[in-house]
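Residue numbers (the numbering used here), protein chains in the order written: chain A, 1 to 157; chain B, 1001 to 1118; chain C, 2001 to 2190.
It is worth saying that the hints were derived from the structure and are not from the lab. The structure presented is a predicted model; accordingly, all values stated were derived computationally and were not measured. Where hints are given, some of them may not hold.
[To be verified] In silico DMTMM-like cross-links for lysine to aspartate or glutamate, where the CA-CA straight-line distance does not exceed 25 Å: (1) A:K109 x C:E2131; (2) A:K107 x C:E2004; (3) A:K65 x A:D9.
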Amino acid sequence: MSNKSKHQDGMSLISKTISSFMTALIALFGFYIAFYGHLTPGGGFAGGVIIAAAFILLTLSHSKKVSLKKFPDIIASLLDNFGALSFVALGLLGFLSGAFFMNFVQKGKAFTLLSSGTILLANIAIMIKVMAGLFAIFVGLSIFGRIVAEGEKGDMR
Amino acid sequence: MIVYYLCLVMFMLGIYCLIAKKNIVRKIIGIVIIEYATNLFLVFIGYKHNGIAPIITPEMQDNIPAFAAQSVDPLPQALVLTSIVIGLGTLCLMVALAIRLNEKYRTFDTTEISSLKG
Amino acid sequence: MMVETLCLVFLIFAIVGSLIAVETKNLLSAVISAGVVGYGLSIMFLYLGAPDIAITQVVVEVLALVVLIRGTIAVDNISIGGPRDTLPLFVALVFFGVFVVLGVIALGDMTGFGNPMMKVSEHYLLNSVKETGSSNVVMGILLDYRAYDTLGEATVLLTSILGAFVILRRQGKKEIAEKDYEHVGILEDE
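Just chain A, same shape as in the assembly:
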């Protein structure tokens, strides 16, 4: 009985099983895209959107409860602000060495991960910001909008 009710919210068993481990792979790919953005195509924007898409896949295949237990919306909006603030802080820290957005970290050997100083840090900040912001906006669109509509109009399907 509990098994049956578990399957009722969300999609079928096949899509749940596949999406639950594809989510981790998609998120890993997003992290790779963001962290190696200064060496290969990609960057913080694309990486953040990919990680947000992984959580959205989890939301669509399972129910909202599963993905909100993994990533609550309050934490998402906090991370959104944290990403934006850390990007500004990165720019302000450049004042210590001369100018706004100065590249103040010691640059490493070229064509390695640590070759570019603040660009890696800025990529990470933007990744956090875009990921949390887009996931929060999707949660807002799918939950807040839908509760009111369901209460007034009944089942939507």
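Starting from the known structure of chain A, arrange chains B and C on it as the hints suggest.
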């Protein structure tokens, strides 16, 4: 050169959709098409014949002037990259507004949503 | 030359897709056609030497489709009929005329397809590895040379997300709002 004019045609399709259609979702689609046309035009401007992507690999490290002569223009690409993500953010804002409007007035028709009250 | 022909084919494909998106009756098919245009664009970006934008465009397109379908599926599919207003059509026609004239004048002064003017970019391409350490020149421009632009972009994204949250989230505060209305003496007529 003809691709530039086709971008203009696509832009005008978006403007027509934005002005002449009554449905709010259709107007949002018009704005999305305008964004597509603008981004595509900016990337077209930066293309060079037989150009390569502006990414330096370790083999080209010793001969950077040759790379600079062959690569496409990276500046429009950097600006378009931010423009695409901003487009997604504003799209979410527009859809949220459309959902709330539909909830209040039970329609997407802009001619019926004329009695705006505080 | 090869790339230009390919872009021509895909651009005609995109224009047909946007024409369908503008003119079809069903809202859901209109949204999906707009998505098709976006995917065609991403293939063009890949051929034009812009893999960064191609990746971003594909991923953003997925999210935009999900969001737009969420917006259209919430209601019964209503196609809005009725007579067409003549004023918007007239305005659109006047705008087309002005835009065609100005566009042809502006495009006549530009360098042709495949011959970009690269005055500033020359410096970026030559010195990116030395000055910023980033071998992807686009990221070097975005996050080092022109980080102000990215700061503005982050601000716009933050503002739009905050705005959408404020618009969408009103449950839980509704009771307080109604009490306020009663207290002041204004009754909302629904």
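Compare the structure with the hints numbered earlier in the document and write down the numbers of the violated ones, lowest to highest.
-> Result: hint 2 breaks, nothing else.
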